[in-house]
Amino acid sequence: MTAEILEALFFVLTSLMIAYLIRHYIFTITVLRGTRKNRTATFQQNAPHQPTVSILVPARNEEKVIERILQRMTELTYPKDKLQVIVVDDGSTDATPSIAQHYSNICKHIMVVHRKQDEGGKGKPAALNAGLKYANGEVILCFDADYYPQKDIVEKLAQEFADPKVGAVQGRVTVLNEPKNLVTRIVALERIGGYRVDQEARENLTLITQFGGTVGGFRRSLLEALGGWDESMLAEDTDLTFRVYLAGYKVRYVGDAESYEEAVDNWRAYWKQRYRWSRGHMECFFKYTKKVLTSKNLRLREKIDGFLLLNVYFMPILVLFSWIIGIPMFFLKSSQLFAILWTAVPISLYSFVGNFAPFFEVGVGVYLDGRKRAQWLIPLLIFTFLYNIPICTKAFIDVILSKISRKHKSHWEKTRHLGNGNRYIMN
Amino acid sequence: MGIILSYTLLSLPFVNNESSWTLPAFNFLFVSLTFPLNGALVKKVFLLITGDFVCLLWNYLISLLAHTFVYSFGDIFNTLYMIFTPLLNLFMIVSFWSVSLTVLARGRGKVGVGI
Chain H
487 MTAEILEALF FVLTSLMIAY LIRHYIFTIT VLRGTRKNRT ATFQQNAPHQ
537 PTVSILVPAR NEEKVIERIL QRMTELTYPK DKLQVIVVDD GSTDATPSIA
587 QHYSNICKHI MVVHRKQDEG GKGKPAALNA GLKYANGEVI LCFDADYYPQ
637 KDIVEKLAQE FADPKVGAVQ GRVTVLNEPK NLVTRIVALE RIGGYRVDQE
687 ARENLTLITQ FGGTVGGFRR SLLEALGGWD ESMLAEDTDL TFRVYLAGYK
737 VRYVGDAESY EEAVDNWRAY WKQRYRWSRG HMECFFKYTK KVLTSKNLRL
787 REKIDGFLLL NVYFMPILVL FSWIIGIPMF FLKSSQLFAI LWTAVPISLY
837 SFVGNFAPFF EVGVGVYLDG RKRAQWLIPL LIFTFLYNIP ICTKAFIDVI
887 LSKISRKHKS HWEKTRHLGN GNRYIMN
Chain C
-9 MGIILSYTLL SLPFVNNESS WTLPAFNFLF VSLTFPLNGA LVKKVFLLIT
41 GDFVCLLWNY LISLLAHTFV YSFGDIFNTL YMIFTPLLNL FMIVSFWSVS
91 LTVLARGRGK VGVGI
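Protein chains in written order, with my numbering: chain H, 487 to 913; chain C, -9 to 105.
Hints listed in this document are in silico derivations from the structure and should not be mistaken for laboratory results.
Among the hints, a few may not be true.
Stated by the list, open to error - Computed list of lysine-lysine pairs in DSS-like fashion (alpha-carbon distance at most 25 Å, straight line):
| # | chain 1 | residue 1 | chain 2 | residue 2 |
| --- | --- | --- | --- | --- |
| 1 | H | Lys858 | C | Lys33 |
| 2 | H | Lys858 | C | Lys34 |
| 3 | H | Lys651 | H | Lys777 |
| 4 | H | Lys550 | H | Lys608 |
Construct all of the structure, not just a fragment, from the sequences and the given hints.
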């Protein structure tokens, strides 16, 4: 009897894993076939759509990286009379305010919003909301302080708002400090899989394209109607993604609107960042699963994709659970079906890394990017996945405990940026 | 076809239960995800056949190792073999596939990001 129950549970778990593998296999095949639909053709044939744009740059103690992005803000090719850059100094205690003020003094389109130390440090969503009050553009874009976008990125992102159904846009993130060490190289692989294949495929298949919190933005009227960023959420980007879709709008991915980021460069920072992502994502799961499944604004395929997207940070825990159940099954009497399903478990170990792109998705992404040697590191992705198991398990336990105790004690753990990406920028 | 038939016949002695799922999985993955990429078909077929041989050899060596351990230390190693073989096989598949991508990517220009 025990064996039958365990086997049934194992069957459910592996079915879910296989569903994810099929989903990502379809993503990969879609990108390989290049079935990108020419959605914006009707808009692109007309004059370029150049709405007024406000760029928000939240910054808390970012003295080592802030100058890089502010310099780039002065070099943007978007018409300056339609551009406003708002640096939100989120109660910094270092030189960030003075550096930002210097750029504000020499460039008319850059302004600084200073938040007092007792106001600041409450997380990125709070800083963005503070900046939003001063924004006057029709489109609101956001860039993290450690980012370094293309000069013409605003044109590429703003153009998409010509389509009235588009509520938000997302550009591509690429790792700036990739050569630094093994951690940055692996994060770069995750990013490639996540953006070059995953986001691209979701865009092509008109599924739930995810707003990633930076290198993207919103139609201002929609953002205000939605009440801005939810300051209680750790994954404010996923939260807004689902609010946009539930409101009947789309998020559009623009793969050629690219920006470099300074990736975490040690496992401790990786833990903190991924813990925040996984806990925030799990909170979104509890908040949106029912709404997504019952929404009248979403098609069936979007509901399925949305459900799988909301579940994704539970997968490392479920894979761990399937190992815990599966190994005793070898000592109990188990069926032939179990032996077949067991082979799905190790495949899953290579399939839920970082942004939860399987190894084949990462590999194809790396190839399509024209990389020649980065593929060698793909076998090592298994260690990233194993590292994600305790991260997601702790996040899950904390979410459950906060639900039971009814105390929402999410603390925004900021990623420290050391400016080690500066050396990779060629002037 | 002759080459594929020959290598299939030659490799039959090495096929066991484990390789009976590993081989189709590797071939499916390789054909569906690697063949659409740029590169000469001959190169891809060569890589596929090489991968199949490596796959069979890998399985054969692991099974020999398992037999040795079972013979020397007891039946528990048979269970461990069953538990971990899929993982070891997948490690081989991922590694070989990654190397194949590197081979195919050679000679192509870097796309990268323009800043």
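Now the hints, each set against the structure:
1. H:Lys858 x C:Lys33: Distance of about 16 Å is within 25 Å: holds.
2. H:Lys858 x C:Lys34: The hint holds at about 16 Å.
3. H:Lys651 x H:Lys777: holds (20 Å)
4. H:Lys550 x H:Lys608: holds (21 Å)
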